[in-house]
Structure formats: C-alpha cells, structure tokens
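2 protein chains.
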Amino acid sequence: MNEVNTLLEAFKQTDYQVAGHGTRNVQILKEAFQSFDGQQDSDIYGKGKIIEDFQDKMANYLGKESAVFFPSGTMAQQIALRIWCDKKGIRKVAYHPLSHLEIHEENGLKELHQIETVLLADKTRVIELEDVLDMEEEIACLLLELPQREIGGQLPDYQTLQEISVHCRNNGIKLHLDGARLLEILPYYQKSAPEICSLFDSVYISLYKGIGGIAGAILAGDKDFTEESKVWKRRHGGDLISLYPYITSSDYYFDQRSQKMDIYYEGAKELADLFNSCHKVTTLPLQPVSNMFHVHFQESKERMEPVLVELYKETGIGLTSYLREINATECNYEVSIGDLYANLPKDKLRQVFRVLERKMKELI
Amino acid sequence: MNEVNTLLEAFKQTDYQVAGHGTRNVQILKEAFQSFDGQQDSDIYGKGKIIEDFQDKMANYLGKESAVFFPSGTMAQQIALRIWCDKKGIRKVAYHPLSHLEIHEENGLKELHQIETVLLADKTRVIELEDVLDMEEEIACLLLELPQREIGGQLPDYQTLQEISVHCRNNGIKLHLDGARLLEILPYYQKSAPEICSLFDSVYISLYKGIGGIAGAILAGDKDFTEESKVWKRRHGGDLISLYPYITSSDYYFDQRSQKMDIYYEGAKELADLFNSCHKVTTLPLQPVSNMFHVHFQESKERMEPVLVELYKETGIGLTSYLREINATECNYEVSIGDLYANLPKDKLRQVFRVLERKMKELI
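First to last, the sequence lines map onto chains A and B. Just so we're aligned: 244 in the numbering used here is position 244 of the first sequence, and the numbers increase by one with no gaps anywhere. Just so we're aligned: 126 in the numbering used here is position 126 of the second sequence, and the numbers increase by one with no gaps anywhere.
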C-alpha cells in the first residue's frame, strides 16, 4: 500500500484545507474567463492589446520601464542571465545553492546557455553582503531569490539588500531579482514593489504563486533589456501565437489577490505559532517573513503519515497532501497561505492543533 | 495614411471571409471550455490525466510509441534536432532554406544548441532525393517540412519520401517531420497519419493550423526519444505547471476538425482554380496539394491594396487582411482553407471573382 497516496487521498477527502488558494482545477480558468468578452482579439506573437496592456500594468506596478510576459519563470530567468552575460562578455553568474535554476531546471542555464555558476552562502541560510564581498570570481550577474524558498522562505535584512545593490552597481555586476514571491514579501519589508525593484536591474515575478493564476511570469527592466528578452523568448520557443489564456487569468487573479498579501502574511505568522507550540513540530523560519514557511516534524515520514491521515479523518481538516523525507527522524512540507486560510473557522483551527498535539505526544 | 491598415480595416468590415476558421479571439477558448468540467484537475508539470490522455491519443493517432505536448513547435523541433545530434555526437542537421527554423526562430537552433545547418534544395522548390544523395556533409538529422509552407505548401511525391526515408535509415541519418500541417496533406497523399509518420523517426504537428486550437504542438517518437524531450522541455522553460488551456482546446478542435481536412483540400483546389482564371493572378502551387496555397498578383502591393479594399466594400467579402511585397510588380498572400469556406454561399464566391476579374482588367 502506497502511504503517499494514502495521505493524498485522505487530504482530498477533507472539508477544509489550511493552506493555498484551493485545488488547481479547470475552474480557475473558467472563473477568470466567465465575464471576459469573447470578442476580444487574441494576442499574436507578443503583440496586441491583451498582452501589451498587461505588460504595461506590470511594468508600472513594479516601477520598471518595461515588462514582458513569459510562459514560465524558468525561461524568463535564464534569458535575463544570458542577456547580462552577453552584455559583459562573461558567462558567469552567482546565486544561492538552492536556487530554482540550480535544482529544478535540469541545468538549462548550463546546457542551453553555457553559463557557469558561483554558489554563494550555504544551503542553510540566505546570501549576505559578506558572501558577495568575499567572492573572488568575476561574474556578470548576481541573482537573489526573495524569499529563499527552499529554506522555508527566508529573507535578508532590507539594509543588506541595499548594500548588496550598491556594491553590485559600483562593481559592474548586474543584480537580478528572482521575485517569484515578490508580492508576498512586501508586507514584511513594509516596502512597495517599486522600492524593492529599484535595487535590481532586472526582476522576475511569478503569476501563479500568491497571485494564483494558471501559469506565467513577468520579466521587467529597462526597455533595451526587455526588447532583447523578446528575441530570446522566440529562440526558446516561448513566443507563442497566443498567450492570453495565461495573461487574462493572471490579470484577473492579480486584481483579486495582490492587495491581500498582508492577510496571507498575518495568517502565516499565526499558523506558524500554532505549529511551534506543538510537540516535535517546528517551522522554518520560526517566524515567517512572507506567506510561506516549512513545517518540520521530528519524526520519520513513515511514522508521520499515519498520524496525519488519522488527523484528517478525525477533524475533516487537511494540512498537507505530502511529506518530504529529510532523514530517518525528520520530515517536512511547505506551507503557502492563500485564500483558504481565512475560510477556515477559528474553532476548527484550534481543534486541528489540539488533536495534532495529542497525537504527537502519543508517538513514542 | 497607412495602406496596410486600410486593407486590414476593410477586411474586418466584411460580412464573409473566404479562408481560415474565423477571427482568433477569446471565444475560441470560451467555446472549448464551455461544457468542460471545471472540477477536472489541472495537469501539473507534465503529469496528470488531462495531459497524459491527450498525449496517448496523439501518439495513437500518429502511430508512434509516445507523444509529448509542447507549448510551441519552435521548442519541440529544436529539441528533436538536439536529441538526434547528441545521439550521434554530431551537431549538424539539414533542412530547406525556408524552413521555419531558418527564418522564423531568431536562430534559436544555433544560439541555444550550437547546431550547424546544411540547406538543401533552393528557395523555389522542395527537397528531392537527389539533394539528399548529393549532400557531402555528415549530418545527424534531416528535417522535412510537409508541406513546404513558404513556397505555397508544396510536396514531394510520396515515392520520394519513401526513398529519402530508406536512404536515411541506411545511412544512420535520423529523419524528422516538420508536420505543422501534417493532417492537411493526408487527403492529397491518400495516406493515414501513421503511414506517413512511419517514414520518420520523430514527428511534430501543430495544433493551431488546420486544427485551429489556441496554441501548442505535439512531438512524437519512440519512448526513449520523448522521455529525453521532456528533460529538454524543462530546460527550455516549456514544462509549465499547467498547459491545460492549450491541451483541452486542442483536443476539442482536433475532434471537430481532424476529419474535415478533405473538405478543406477540395475547397483549396476549387478556390485556386477561380484565382487562376483571373487576369494577372496565379496561385502557387497551381493546384494545391493541401488546404493551403499562395495567391500571387502581378501588380505591386501599392496598386493591389486599393483594388482589394474596393472589392471588399463592393461585395462584403474579404479575401485577405494583408499583402506581402515581392517586388515592384508582384505581391502575394497566403490562403489556408478552413471552416469559413463552406459557409460562403457559392453565388457570393462567383460574385467576388467576377468583380475581381473586372478590377484586374481595369488596371492599366
């Protein structure tokens, strides 16, 4: 019997889920297009009102001169780094060892662009100013991922960001923002998107994380940069004849959720507190700095899964559909707070943690 | 005053259009999803029923072991060629000088994959067996585009295809089909898709040409090949979290139109005859071998545009929204017959050609 599927199946049967915006089903598209005018012309290979209007809106929101819609962040970011490498004539960039480019893209940056990488900091913490100052290699671009997802969504101090930005400008290093979750960190920094983006030469944001669209990304920067990115977008096979299914839904959910990041952030802090008050449970970071964090159980995946399955059955509330094994005595999963959290009655929330605490204590 | 826009505007005002499936607007998506179950789960990074079912259906339709859905043909074809190059350890392929890869992809094959190209045949005709036999360079893969779009959609004899296929197999050259319009040529060859695909090691088809979907492509071949293509799809940034907006609409329009290619083909032949009976008008090819052909006017673009604008106003029927200048005495445009042709009353069709003939004769 497959325990993972058991957990997933039990999760699917719950009446309430604590995190996320809800199931990624086709209804997300249907809702976005329900009241959208069918007579609106498609975008055609990057041209047309439907794509240009949204690109302008995003450029304005990020405080950048220009923005380009991409089918994926993988494509957008490789291209950003390639452009900066070509501009400097050096095929080398620096980023965190757990960057999306390093661990989730099948080495596209190296295989398609022959770009070497310098890994800064170690896998347990974010990049600090010292890491950048100590770097001996000459690089074309430094990529910062805010928040650093694979370590629970951690952030450097804002002052560190400013200092890194100044250092890069003074040393001819382009600074690129992997802002897949940029909107999600604005409440913590208490900054606007343009304030943060002004520290970077180029910025990528995702449209299906906190925004909850279907797919898609924005790459923003100066006009010269974005125009060059369109050429590479075509080379990558991303200049589709029609991208409107993603654009229109991104726009719809952006309007619905971009103002709710404060709520998600407050929810994440509240929920993390509840986890941290449980026996053998901690969150990373202890206090979230965005809508996300990781939940770590000091138990094996094998032992935790039946606990969660029983918890879901007893309470009708689902925490997660999966667990990741870290080692023989620890497992974890990722939380991203979305619309569902506010829908969960507070007594239900207290109930699930009462039951979880009891079950964790029952484990030998 | 912009003459191109005048022609486009006049075209948009017409009651009937002769070619195509109709305006590429958002209604195409809305119609495809209207009766589709919103509770259906999204595909997630290439997995899930919605993508796997369609890939199986396409593999079966093409008679190949396996098929992968790609956001674009540009991405799918570069990847196919890269895989064959890596397999042979030679970064060189051959194709027609007017191949999509050569003229529409900003040199992605060279810039991203460092693949050199050998151009076979010349720009006025299709690749023949002799071109392949005479090739001195060692290549990993030969790409054939059927029909050769940029010369009006021309085809080699079926026997030529068979001979090229045998030669490639005997000489360790992989044969790749750019079948963007594969379905559209089946009526001419009087062959099934699997019969034609059996001549090729890998096959790409488009889902928004004759099929009329929103965007998307299928790459098919042996399982080893398609599995490797998924790795490259991720590297290219094409492994989107959700591709279902394209998949579901492709499936919907495939079911609606894949059986109508005969009708489109017959329409194209009829329409080409009408053009060829006009003064100063010829088609390329003279007799279409698919649903497509080019219309050549032996007049400058500048002189032809007002003729067409008047024709549209007088008849309410639109032939084309644009003209391409070839030289000072010739211009052309592309026709692809789709659903609209059958909706055009025959007396309207005769009327438009009566008026066109009169206007062409009126030109000095």
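There could be a bad hint or two in this list.
The list makes no distinction among identical chains, and a pair is therefore deemed to hold if it is satisfied within one copy or across any two copies.
Here are the simulated lysine-lysine pairs, DSS-like style, with alpha carbons at most 27 Å apart [said to hold, decoys possible]: (1) 191 with 57; (2) 280 with 123; (3) 12 with 47; (4) 269 with 361; (5) 12 with 49; (6) 47 with 110; (7) 47 with 223; (8) 230 with 57; (9) 49 with 30; (10) 191 with 260; (11) 280 with 223; (12) 280 with 269; (13) 359 with 348; (14) 87 with 110; (15) 269 with 230; (16) 110 with 92.
Think of the hints as simulated: they come from the structure by calculation, not from any bench.
Verification of the supplied hints:
| no. | hint | in the structure |
| --- | --- | --- |
| 1 | 191 with 57 | within (19 Å within a copy, 50 Å between copies) |
| 2 | 280 with 123 | within (23 Å within a copy, 71 Å between copies) |
| 3 | 12 with 47 | between (41 Å within a copy, 18 Å between copies) |
| 4 | 269 with 361 | within (24 Å within a copy, 79 Å between copies) |
| 5 | 12 with 49 | between (40 Å within a copy, 16 Å between copies) |
| 6 | 47 with 110 | between (30 Å within a copy, 25 Å between copies) |
| 7 | 47 with 223 | within (16 Å within a copy, 37 Å between copies) |
| 8 | 230 with 57 | within (18 Å within a copy, 33 Å between copies) |
| 9 | 49 with 30 | both (21 Å within a copy, 18 Å between copies) |
| 10 | 191 with 260 | within (15 Å within a copy, 57 Å between copies) |
| 11 | 280 with 223 | neither (51 Å within a copy, 45 Å between copies) |
| 12 | 280 with 269 | within (18 Å within a copy, 75 Å between copies) |
| 13 | 359 with 348 | within (16 Å within a copy, 78 Å between copies) |
| 14 | 87 with 110 | both (17 Å within a copy, 19 Å between copies) |
| 15 | 269 with 230 | neither (39 Å within a copy, 38 Å between copies) |
| 16 | 110 with 92 | both (10 Å within a copy, 20 Å between copies) |
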